[in-house]
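From first to last, the protein sequence lines are chains A and B.
Take any residue in the first sequence, count from 1 to its spot, add 26: that is its number in the numbering used here.
Take any residue in the second sequence, count from 1 to its spot, add 1: that is its number in the numbering used here.
Read the hints as simulated data drawn from the structure, not as lab findings.
Quick reminder that beta carbons are idealized off the backbone N, C-alpha and C, glycines included.
There may be inaccurate statements among the hints.
[As the list claims (entries may be wrong)] If we take Cβ atoms under 7 Å as the criterion, some of the chain A residues that face chain B in the derived model are:
id : residue
1  : 68
2  : 71
3  : 74
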Amino acid sequence: NAGVMQNPRHLVRRRGQEARLRCSPMKGHSHVYWYRQLPEEGLKFMVYLQKENIIDESGMPKERFSAEFPKEGPSILRIQQVVRGDSAAYFCASSPPDKVGNQPQHFGDGTRLSIL
Amino acid sequence: AQKITQTQPGMFVQEKEAVTLDCTYDTSDQSYGLFWYKQPSSGEMIFLIYQGSYDEQNATEGRYSLNFQKARKSANLVISASQLGDSAMYFCAMNNDYKLSFGAGTTVTVRA
Numbered sequence: 027n028a029g030v031m032q033n034p035r036h037l038v039r040r041r042g043q044e045a046r047l048r049c050s051p052m053k054g055h056s057h058v059y060w061y062r063q064l065p066e067e068g069l070k071f072m073v074y075l076q077k078e079n080i081i082d083e084s085g086m087p088k089e090r091f092s093a094e095f096p097k098e099g100p101s102i103l104r105i106q107q108v109v110r111g112d113s114a115a116y117f118c119a120s121s122p123p124d125k126v127g128n129q130p131q132h133f134g135d136g137t138r139l140s141i142l
Numbered sequence: 002a003q004k005i006t007q008t009q010p011g012m013f014v015q016e017k018e019a020v021t022l023d024c025t026y027d028t029s030d031q032s033y034g035l036f037w038y039k040q041p042s043s044g045e046m047i048f049l050i051y052q053g054s055y056d057e058q059n060a061t062e063g064r065y066s067l068n069f070q071k072a073r074k075s076a077n078l079v080i081s082a083s084q085l086g087d088s089a090m091y092f093c094a095m096n097n098d099y100k101l102s103f104g105a106g107t108t109v110t111v112r113a
């Protein structure tokens, strides 16, 4: 499968723990985006990264959330000290480096995070 | 700020019939892209079709076509010859530069 790979598919954490969500973009894609989907809602933009750079994190909560896309390895969305309100589906998408604005973003299958 | 509106929370369609899903958008930008995604009950997001704001022809991809009316700021999705496997949630989205803004979605249920 050469698509966007996210893992884990499901993640359960207790309040106060850390959640780490991983995303490997499609081959040849150097742009990664993270979105959050609350139940019965559309996806909301969180952060846009290129290799080793955060381009736009305006949709990400200022506290407890961080994202990275290192030179080697997958992009990581980290949520520290999780709370019940963090329960959601988190999607990663990627796009190729050229014509960023009008290229479709290809999504992974998402990580469903449940907080006990 | 961009806004996407999908006014139909749910729709039923008979197998083999066509269905139109409404989408209107609001933006002050001249250059933008419009997308439709399908989300089946298994949860993944599947890209269906794309329309650029400067494209003069309506986009088509197999049984999917996009009825783009720029002056009315609408980008309706038409699914022809519905199949049972088309039952899913459908999201309209707009892209300016890199951010995708999504509508609330429309649930389509195809009846045999």
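Against the structure, test the hints numbered earlier, and report the numbers of the ones violated in rising order. No numbers; nothing is violated.
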